[in-house]
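Q: Generate the whole structure from the sequences, applying the supplied hints.
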Amino acid sequence: MVAQIAPQAKALFDKVFDRHVVTQRQDGECLLWIDRHLLHEGSFHAFDKLKAREASVYRPDLTFGIEDHYVPTRSRDLSSVEPAIQRMIRQLRDNTSQHRVRLFDMGDPGQGIVHVVGPEQGLTLPGFTIVCGDSHTATHGAFGALAFGIGASEVAHVLMTQTLWQRKPKRMRVTVDGRLAPGVSAKDIALSMIARIGADGAAGHAIEYAGSAIRSLSMEGRMTLCNLSIEAGGRCGMVAPDETTIDYLRDRIYAPKGELFERAVQDWLTLSSDADALFDREVHMDAGDIAPVVTWGITPEDASPITDCVPDPDAVADEARAAQIREALDYMGLRPGQALTEIRIDRVFIGSCTNSRIEDLRAAAAIFAGRRSKVPGLVSPGSAVVKRQAEQEGLDAIFRQAGLEWVEAGCSMCVGMNGDLVPPGERCASTTNRNFRGRQGPGSRTHLMSPAMAAAAAVSGHLADMRLFLDHGTSA
Amino acid sequence: MKPFKTLDAIACPLPLSNIDTDQLIPARFMKRSRAEGYGDYLLYDLRFDESGARISDCPLNDPARAGARILVTRRNFGSGSSREAAVYALADYGIACVIAPSFGDIFASNAVNNGVLPARVSEADCEALLAGLEDGALTALVDLERQEIRAANLVIRFDVDPVWRTKLINGWDDIDLTRSHAQAIERFQEEDRIARPWLEPVAAPGFTTLTQKHD
Ligand code: SF4
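These protein sequence lines are chains Y and P, in that order. Position 407, counted from 1, in the first sequence is what numbering that gives the first Met the number 0 calls 406; the numbers after and before it change by one each time, with no gaps. Position 202, counted from 1, in the second sequence is what numbering that gives the first Met the number 0 calls 201; the numbers after and before it change by one each time, with no gaps.
Mixed in with the good hints there might be a few duds.
Some chain Y residues close to chain P (C-beta under 10 Å, calculated; not the full set) [stated by the list, open to error]:
| # | residue |
| --- | --- |
| 1 | His19 |
| 2 | Arg24 |
| 3 | Arg75 |
| 4 | Thr136 |
| 5 | Arg249 |
| 6 | Pro423 |
Just so you know, the hints here were simulated from the structure itself, not pulled from any lab data. Note that beta-carbon positions come from the ideal geometry of N, C-alpha and C, so glycine has one too.
A: Right, dumping it as structure tokens:
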């Protein structure tokens with residue numbers, strides 16, 4: 000009953016936010032302490048601002064640099080890449096060494112995509128505030144951290160002060176109960192949610208994911224889900240820490256050890272929303288209703304179950320939405336009413352901070368095992384650690400035998416900054432997070448999907464339902 | 000930052016939704032320093048074809064809209080990547096105000112940090128404004144103090160976060176403000192060190208934290 004709500008009932012978001020408030024202004028803006036600041040090559044704008052003010056980095060020990068956006072994936076030899084890209088990487092090296100910031104350079108055994116490396120190294124911990132000049136920083140929320148992307152001016156501010164001015168966004172809870180059908184993954188939950196609420200459906204909100212289906216996800220799955228919060232417009236995404244979280248973190252390189260770890264665990268397990276916490280918006284989904292999903296358009300909200308057809312804009316009552324669908328189909332070169340499984344692809348990419356962790360690679364390899372890809376493609380593990388693990392498990396051999404390239408870790412074809420591009424007009428089945436016009440290269444056409452769905456598309460030559468491959472001895 | 004009070008300028012309609020920051024500044028142009036300017040690259044793939052020729056039906060290429068400082072567009076403008084270069088492209092091109100029904104959160108705060116106003120209007124007002132501009136109205140007056148847009152015989156109210164409004168009107172810079180709280184920041188760290196002794200990263204043996212060498 001509403002009347003009985005305790006005034007101090009707090010959502011997970013508030014518990015983490017409140018304990019980081021250094022000071023609050025009358026207008027409601029809070030100066031928030033930042034526990035971890037992650038940098039990549041794009042940070043040069045922020046370092047330029049430091050230079051202009053002759054300022055230094057306030058807490059270099061809480062700041063970590065990682066080479067990921069521009070690194071070559073086919074070699075680790077910096078002299079092999081074009082000068083402009085080399086310069087991007089060298090700038091990060093110069094800036095981090097000048098300011099005594101630990102850098103995971105591309106030769107480092109811990110290098111990889113920033114949002115894979117943070118958790119893997121134990122830099123990401125529950126209850127932390129974590130920022131990075133990258134919108135997919137929401138990924139780290141899988142650990143019950145308050146993690147969000149910031150722009151270059153804010154990066155400069157954190158470098159100089161280890162704080163950030165913030166105001167509380169609204170709170171939104173997405174509850175997914177029930178059991179996912181075999182082969183249906185966190186990616187499918189996320190894309191289904193975005194299709195339902197829209198690419199700006201969570202704008203101005205911090206999302207908390209809850210419910211039995213979320214609790215049964217692995218940390219990898221939770222990271223995929225939180226990663227995609229930004230594609231719904233959310234400021235961040237969070238999952239309350241539990242035993243799955245603790246098990247993942249034990250013995251990570253930068254995580255606390257021994258008694259300190261146990262003490263931290265006591266604290267971390269208090270980080271969940273109080274039973275009577277209020278949310279500005281609640282969304283409920285039934286895991287059993289979720290099918291493998293693909294996108295057919297140019298925003299992640301243009302997503303449908305693989306069993307559907309390409310929508311017909313003439314059948315859509317909302318004129319603005321119909322216009323948007325027309326634009327999307329025009330760019331993507333698709334016909335209204337065409338079955339999604341008829342869409343032929345030219346290329347496959349398995350990688351990115353959304354789906355490049357060991358579990359993702361296992362899911363893709365399970366489908367590739369004993370099969371050939373009908374299209375060329377790239378598999379880029381999320382980190383050097385993931386790469387070594389996959390090689391120990393023999394997954395690299397499966398990808399190679401399927402005819403794919405097995406390359407080094409980095410952002411690679413997710414954004415094409417390092418030169419790994421989808422050629423103009425080509426259609427790519429991609430495990431990434433953005434199907435925007437030209438995201439994977441000028442004129443590229445991206446279909447987003449889970450690793451298993453990308454593998455099913457690759458071995459079929461067209462978008463395909465991965466569930467068709469479940470029965471045929473796919474134990475890799 | 001220059002204070003923003005009113006802006007009376009040419010307005011350009013861009014009737015598209017979901018203009019993400021990848022479109023505002025394609026990734027391949029993000030390697031230059033700010034000093035070199037980003038204005039040429041604003042919405043590059045919408046403005047220019049593969050050969051680099053201007054696409055004539057892109058509203059930004061309409062000679063009548065040359066020098067536009069206001070952009071009117073549809074929902075979810077600036078979604079996607081946090082790249083502040085998207086705002087640099089707008090600002091360097093000359094745009095000081097974007098009017099739309101909704102904005103990507105990170106884009107909007109980046110905009111404010113560069114003196115660019117993200118003005119939120121209702122879907123209906125946005126459509127009316129777009130129609131007015133497409134019917135020939137050339138300029139708009141944006142009054143930040145009154146939170147009002149006047150154009151094509153319309154008077155439209157817009158929303159903006161009150162804190163951002165104050166910041167823009169005064170041209171304030173966060174860093175100077177934060178430095179005045181240096182003592183509070185020190186105090187916070189002292190207390191936090193006791194409450195959360197696990198904050199500081201523990202480096203495992205074999206991993207150096209603060210020294211590494213590069214050629
Ligand atoms: S993998 Fe893609 S989305 Fe993730 S950080 Fe890199 S460029 Fe951004």
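Q: Taking the hints in turn, state whether each one holds.
A: Right, here's what the structure says about each hint:
1. His19: The hint holds - His19 (chain Y) has a Cβ within 10 Å of chain P, the shortest such distance being about 8 Å.
2. Arg24: holds (8 Å)
3. Arg75: violated (13 Å)
4. Thr136: holds (8 Å)
5. Arg249: Hint violated; Arg249 (chain Y) Cβ to chain P Cβ min 13 Å, cut 10 Å.
6. Pro423: The hint holds - Pro423 (chain Y) has a Cβ within 10 Å of chain P, the shortest such distance being about 7 Å.
Consistency note: the structure conflicts with the earlier hints numbered 3 and 5.
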